[in-house]
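Chemist: Given chain U, work out where chains G and S should sit, using these hints.
Going line by line, the protein sequences match chains U, G and S. With this note's numbering as the guide, the letters of the first sequence map in order to residues 11 to 55. With this note's numbering as the guide, the letters of the second sequence map in order to residues 31 to 116. With this note's numbering as the guide, the letters of the third sequence map in order to residues 343 to 1218.
Quick caveat, the hints were computed from the structure, so don't treat them as lab data. Check the hints yourself; a few may be wrong.
What the hints assert, rightly or not - Only pairs whose alpha carbons sit at most 35 Å apart, straight line, appear in this in silico DSBU-like list of lysine-lysine: (1) Lys80(G) / Lys69(G); (2) Lys116(G) / Lys39(U); (3) Lys31(U) / Lys115(G); (4) Lys753(S) / Lys611(S); (5) Lys54(G) / Lys95(G); (6) Lys95(G) / Lys1100(S); (7) Lys95(G) / Lys37(G); (8) Lys95(G) / Lys46(U); (9) Lys99(G) / Lys849(S); (10) Lys69(G) / Lys79(G); (11) Lys46(U) / Lys99(G); (12) Lys42(U) / Lys37(G); (13) Lys31(U) / Lys79(G); (14) Lys54(G) / Lys849(S); (15) Lys1170(S) / Lys31(U); (16) Lys115(G) / Lys99(G); (17) Lys37(G) / Lys840(S).
Note that the structure is predicted; figures quoted are calculated from it, not measured.
Given next are the chains, with one letter for each unit.
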Amino acid sequence: CTPRVALEAPKEPITINLNVKIDHEIRLKVEKDVDKLISEDSALF
Amino acid sequence: LDLDGAKSQGLVGEQPNGYLGVVKATPQAVELAADINAKRRAAYDAIAKKNGATLDQVAALAGQKAIEKAAPGAYVRSADGQWVKK
Amino acid sequence: MGIGSGLTSSLHRYRWLIVLALLPLGLLLAVAAAAYTLGVRAQQVGWQDGLELTGWQRLQNGCVQAQGERLRVTRWYPLTLHVSRMSLPRCATGPFQEPAPPPWTPPLDLAIDALVLPGLPPLAVKVSQRAQRWQAQVQFRHSQARALYERGSGRWTLQGQIQPADLSPPVLGTLAVSGQGVWQEQRLEGSLQAQGRQLGYAGQARRADAALSARLAARRWQLDAELGAPLALGADWSLQARQGLHASGNLQGVQSLHLDLLASGPQGKVRLELDTAGAGAAHGPGRLTLTGPALAGEVPLRWSRQQLELLPASLRLPGELRLSWSRPLTVPLAARGDSAITAEVQYQNLRVNTVDSRLSWQQARWEWQGRLDLTGNSAGVDLAGTWQGRIDAGGLSGAPARLTLSRPDLKLALRVPVASLRPPRWAAPVEFDGHYGQFPLQGTLQVGYERERWQGTLDGRSRLPFYTQGGELQLTLPWHGQQGQWFLDSGSRVTIAKGLIGSTLVKPIAVSASTPLRLSPQGVFGELRLQADGVVATRGTLPPLDGQLSAAGMQGRASLRIPAWQSTLAVSATRLAQAKKTGVQGTLELSSPLSPAMSRGLGVTLQQGRVTGQGRWQWLGSGQMQGTLSASGVALDWGGIQATGGSGSAHVEFGQEGLKLASAGPITLAELDLGTRVRNVRLTAQSDLSTWQLADVHAEVLGGQMNAASLQWPSPQYQPVTVSHIDLAEVAALQNDPEPTVQLAGRVGGLLPLQLTKDSLALQGGLIRNEGPLVLKVQPSAGVGAMGQSNRAVQLALDTLGHLAINDFQARLDMPPDGWLDAAVTIKGQNPQQNGQPVVLNYTHRENLFELLRSLRIGDELSRRVLNRKPAERSH
Chain U
11 CTPRVALEAP KEPITINLNV KIDHEIRLKV EKDVDKLISE DSALF
Chain G
31 LDLDGAKSQG LVGEQPNGYL GVVKATPQAV ELAADINAKR RAAYDAIAKK
81 NGATLDQVAA LAGQKAIEKA APGAYVRSAD GQWVKK
Chain S
343 MGIGSGLTSS LHRYRWLIVL ALLPLGLLLA VAAAAYTLGV RAQQVGWQDG
393 LELTGWQRLQ NGCVQAQGER LRVTRWYPLT LHVSRMSLPR CATGPFQEPA
443 PPPWTPPLDL AIDALVLPGL PPLAVKVSQR AQRWQAQVQF RHSQARALYE
493 RGSGRWTLQG QIQPADLSPP VLGTLAVSGQ GVWQEQRLEG SLQAQGRQLG
543 YAGQARRADA ALSARLAARR WQLDAELGAP LALGADWSLQ ARQGLHASGN
593 LQGVQSLHLD LLASGPQGKV RLELDTAGAG AAHGPGRLTL TGPALAGEVP
643 LRWSRQQLEL LPASLRLPGE LRLSWSRPLT VPLAARGDSA ITAEVQYQNL
693 RVNTVDSRLS WQQARWEWQG RLDLTGNSAG VDLAGTWQGR IDAGGLSGAP
743 ARLTLSRPDL KLALRVPVAS LRPPRWAAPV EFDGHYGQFP LQGTLQVGYE
793 RERWQGTLDG RSRLPFYTQG GELQLTLPWH GQQGQWFLDS GSRVTIAKGL
843 IGSTLVKPIA VSASTPLRLS PQGVFGELRL QADGVVATRG TLPPLDGQLS
893 AAGMQGRASL RIPAWQSTLA VSATRLAQAK KTGVQGTLEL SSPLSPAMSR
943 GLGVTLQQGR VTGQGRWQWL GSGQMQGTLS ASGVALDWGG IQATGGSGSA
993 HVEFGQEGLK LASAGPITLA ELDLGTRVRN VRLTAQSDLS TWQLADVHAE
1043 VLGGQMNAAS LQWPSPQYQP VTVSHIDLAE VAALQNDPEP TVQLAGRVGG
1093 LLPLQLTKDS LALQGGLIRN EGPLVLKVQP SAGVGAMGQS NRAVQLALDT
1143 LGHLAINDFQ ARLDMPPDGW LDAAVTIKGQ NPQQNGQPVV LNYTHRENLF
1193 ELLRSLRIGD ELSRRVLNRK PAERSH
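Just chain U, with the same shape it has in the complex (with noise of 0.2 Å):
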């Protein structure tokens, strides 16, 4: 019997493990900005 070169669908599956965390650094803004209101707006606080 010859041997047949073909290019079967491997039947063994990759499993890849992929974890993604995501960060958003607006929060510290948020605090800047209010910061800034309080110090520099003596009129107001």
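Modeler: Chains G and S only, in chain U's frame:
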């Protein structure tokens, strides 16, 4: 009557919600508080829009900081709503 | 002796001249001496074409018997005197004495222009005496009388024609008087007859004849009078003399009296009977009886020579007045007298008692003085008052009258100065001070009668009790009353001064009448205008408000307006009487644009929109309202979060259990921009403003839909929300990355149990699956690509994920209230570029959803996303 005068006379005080509260009601104190709170609200609104936050979140943050920065002896409203002197 | 003798010799030469000069002097002295002996005293003696005495008096044993002005002697023989004015005040000191007849006098003529007798108008009198025969002529308008007296025989006669109208115009008819008799020392006798013909009263047809005869002899007199027919007295009253009047007596006074007079008129009948205890007893019983529709009562009388006594009695008078006295009232029968009057007047259940009250009179002038005490109550109000002072024909005088009104909720002290209480205006500034409920009340009520109507002004001050400071109330109410109708004139005004309620400043408010206000038992009728200058609270202000109010007794309408916000409110009200309780009900209609100016006190800013509402309200002890509220074209924002295109309407109910809201038809919102746009939100809602029950919730988000049959907010429960057709491409777009590393296509859907608390959102056990095939492509960005070169496994993974056709996608989602979303995704698919290499991708994604949305709202690249990944593994 200006803000510092009103604060030193114990007429008004800072509140956790970020707005000035009236401790001892006099017509001038109420009018001063209303005027200042209107301007604070506008400022909070601008920061909220700039930072995508809500007005109340910015106001609450400002309230917390204003209470921390309040001069000793000035009135601040505690969490349970009482006016206390720092 | 030289001088003396010189003097007498010159005297002789001019004797006739001196006698001539002395004659008038002598005569003068003679007259003066005669006058003096006659008791005539003069203040000033002068000479002006004859002797003149201005201001003279004739005294007789110390009592002024006659006095007058300007007595002139115009001729000496016969003696002619002219007096401009003379009066005869009676010397009422001793008992009545017979006047002495005139002494011998030379022939004289006396003319008196005005003889003043008590109770009579000034009379013109001419007296002449010739040969001791006296003649007197008296004249007053049309009435005149002539008397003759012959001193020798002592005989006198009298003739007279009197027109009663001369004395008091409305009295009609004529009186013919004639008489004769003897007048000597210590003896005055005669008889007098008077015939009244056609006596009557103007305006009354009734006429009557009357006859009167009087005789005086031996110091005893007799009087009889008859009245032919009832005599008209005016005001439809008439007088009948049942048996006529018979009286007799001596110089000291009445000894016997018999009288039975009956006066009858619209109010009833008054009968006066007087009789004598025995022949000549000089005293006797009597009775005054009142009968008829408005009169009742009987007064036993006792008369004696000096006085008339009214014994205790109680009389009912017109107007439900009751007059009674418990102690006998004695009235001296004299021209000048004084009597203690203790009486009580009762009207419904108000009583006025006299205290130390005295009535005194002198001829026609009378005066009452004493104290009046008022007690009792009327219309549920207790009244207590007192007044000390004097009353005479001119009006009242004395201390101000004081009156206190009290009721459980009312205490008012009134002070009424009496000085101005005079006819015809009877004006009085009534001052009041006290409180009504918690309202202090001070002020002055001007009262006066002018132009046939009662009128005046009420100036009052009070204070609104619920104001902690300020809030003074000022009332200026000009009023008038005509034919029983009371009006507040237009221009009446009530103002409330600026004040504080707690820490809210309420600026001045004014209500003024733009038309006269008619006050009636059914209520007020008229138009009013309201002007309020606004309210300032610590967090917001209400701009000035004005309005028109119209009151129509039981109904009223008000249309209020806030010009700055262009808001209008129309309220109608009708007074309601149900069972025992009275209340008010009515309708209201609201229409207002929404504007940022309104939102100063809110966490949300109302950008635009219009709100309208109408409803019915009721106040019956407590408030109730039902109505519908609609909003359209609403746009608002919570700072960074915008919502536009909101509309909807809801039934609103407000009652004792608070407010209840129920949407009528769906409430819709065109777009809510959280960072990602949520569109066509539709829901129905029920709420009591603290808990919201939402139902049929629907919204379009991320290309798909979100639905929930019902949701409650706030609630600790995890409530299922289904999502479907979510377009993964839009989810991927949330990376907000110009060259996105991940591309996704295909639709997913599933179930998200949400926890909606008061101020947080959480997700637990959410499951999302693919709806049909999905496609995943990962293009490594520069950074990620670089990492791949250095790590073969990563490179393999990246190649595999370059293109993935997914047939099984499952995502488990959890998110605590802090917003950190944990997604665990299992993807099964195969890579068509690697001829269907099956791939299993286990992908976990951790991101703070709130900060993601907030960064999207900013649209600000600065918040680059940092890919922080754990090293990828590769497993077979």
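Chemist: If a hint holds in the structure, say so; if it does not, say that too.
Modeler: A quick look at each hint next to the structure:
1. Lys80(G) / Lys69(G): holds, 17 Å
2. Lys116(G) / Lys39(U): holds, 28 Å
3. Lys31(U) / Lys115(G): violated, 45 Å
4. Lys753(S) / Lys611(S): violated, 43 Å
5. Lys54(G) / Lys95(G): holds, 23 Å
6. Lys95(G) / Lys1100(S): holds, 24 Å
7. Lys95(G) / Lys37(G): holds, 16 Å
8. Lys95(G) / Lys46(U): The given pair, whose Cα atoms are some 11 Å apart, holds under the 35 Å limit.
9. Lys99(G) / Lys849(S): Holds: Lys99(G) and Lys849(S) sit about 34 Å apart, inside 35 Å.
10. Lys69(G) / Lys79(G): Distance of about 16 Å is within 35 Å: holds.
11. Lys46(U) / Lys99(G): holds, 13 Å
12. Lys42(U) / Lys37(G): Distance of about 25 Å is within 35 Å: holds.
13. Lys31(U) / Lys79(G): holds, 26 Å
14. Lys54(G) / Lys849(S): Roughly 18 Å between the alpha carbons, so the hint for Lys54(G) and Lys849(S) holds.
15. Lys1170(S) / Lys31(U): holds, 22 Å
16. Lys115(G) / Lys99(G): Holds - the C-alpha atoms of Lys99(G) and Lys115(G) are around 13 Å apart, at most 35 Å.
17. Lys37(G) / Lys840(S): Satisfied, since the Cα-Cα distance of roughly 24 Å is no more than 35 Å.
Violated hints, in rising order: 3, 4; the structure is consistent with all others.
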